[in-house]
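Visitor: Guided by the hints, dock chain B onto chain A, whose structure is given.
Going down the list, the sequences are from chains A and B. Position 94 (the first sequence) corresponds to 314 in the working numbering; numbering is contiguous. Position 121 (the second sequence) corresponds to 878 in the working numbering; numbering is contiguous.
Just so you know, these hints were derived from the structure itself, not from any lab. The beta carbon of each residue, even a glycine, is placed where N, CA and C say it ideally should be. It cannot be assumed that every hint is accurate.
Footprint (simulated), chain B over chain A, 3 or more residues, beta carbon under 8 angstroms [said to hold, decoys possible]:
| no. | stretch |
| --- | --- |
| 1 | 252-266 |
| 2 | 269-279 |
| 3 | 292-301 |
| 4 | 304-313 |
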Amino acid sequence: MNTSHSTEQSFSPRGPIIVFSALIVLTIATVMLSGLDVGNTGALLIAMSVASVKAALVLYFFMHLNHEPLIFKLFVALAFVTLATLFILTFSDYAFRGIA
Amino acid sequence: MSDQAVTAEAFHHHDEEGTRLGFWLFLFTELLLFGAFFIVYGVYRSAHLNDFKIAAESLNTGIGTTNTIILLASSLTMVLSLNAMKAGRIMLAKSMLLITIALGTTFLVIKGFEWNAKFAHDLYLQTSGAIAAGKGSPLLTPGPAMLPDGQVLFYGLYFIMTGTHALHIIIGAVWMGIVYFWISKGSINPDNAGVLERCGLYWHLVDVIWIFLFPLYYLVA
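Next up, chain A with everything else stripped away, as it sits in the complex (with noise of 0.2 angstroms):
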């Protein structure tokens, strides 16, 4: 019996390359970016943006999210959608305390 359900696929190691080098870019930017004299709130703003692509890249691309059913996109985008619940309600509870 032979059920060979191999999907071979060949190997093609342009897509995760030009993924690989958006991330250096993004890496080499956020540095760079780093420099200006923006304020607190705005170089934690740039730094948290640029780092939210880069995770957003990783996550759908080399985790192979853009393959996945779409009930899987879902289950990741409600996990992050809890953790920044999270994160806004004890941010927005201290904020209110005067210790800031």
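Guide: The following block gives chain B in isolation, referenced to the frame of chain A:
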């Protein structure tokens, strides 16, 4: 095809998609673990902004950037290893996996030198000088420099967060070593590459966490 053969096949059937979803659930718990660290960092940073900035300036941005690039490169070789495996090119998959382990180890060695430089300046995981003096406990040694509380918190969080991250790198590297052994034995092969895939997912998540640690410690000073 006899009934027995069908039963046997059903028994050996692995639900790859279900396994992968389960693994993602585990990754979510990792996200929550580090998420809690990030919240603590955020709260104390806003409470001790100046101390955090002074302390962060002692960290070497060049080293941080180098380590970021090393980790990103290791993520690339990890993806290439899985792609090669799925394409049936086992030797290539194994070499890419070895390079990934080497890059992960390089990251750890650099991190080790970085930590050592901090230890040489008597900066380590310590408690606030004021608290230690009050408690009089030999376990709570105050730093010789009697750092302000904000800087003590910064270095404490720095060692705890990069340390927990480094622990994940060690676990990932050991796991890759085991996967390499299984590929050599043939139990991981182009038709059964799920373990390599999940090892890769773990490695990429560790990379994602570093992507956020890097700017918070090395850049926003």
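Visitor: It remains to establish, for every hint, whether it holds in the given structure.
Guide: Hints versus structure:
{"no.": "1", "hint": "252-266", "in the structure": "holds (count 4)"}
{"no.": "2", "hint": "269-279", "in the structure": "holds (count 6)"}
{"no.": "3", "hint": "292-301", "in the structure": "holds (count 5)"}
{"no.": "4", "hint": "304-313", "in the structure": "holds (count 4)"}
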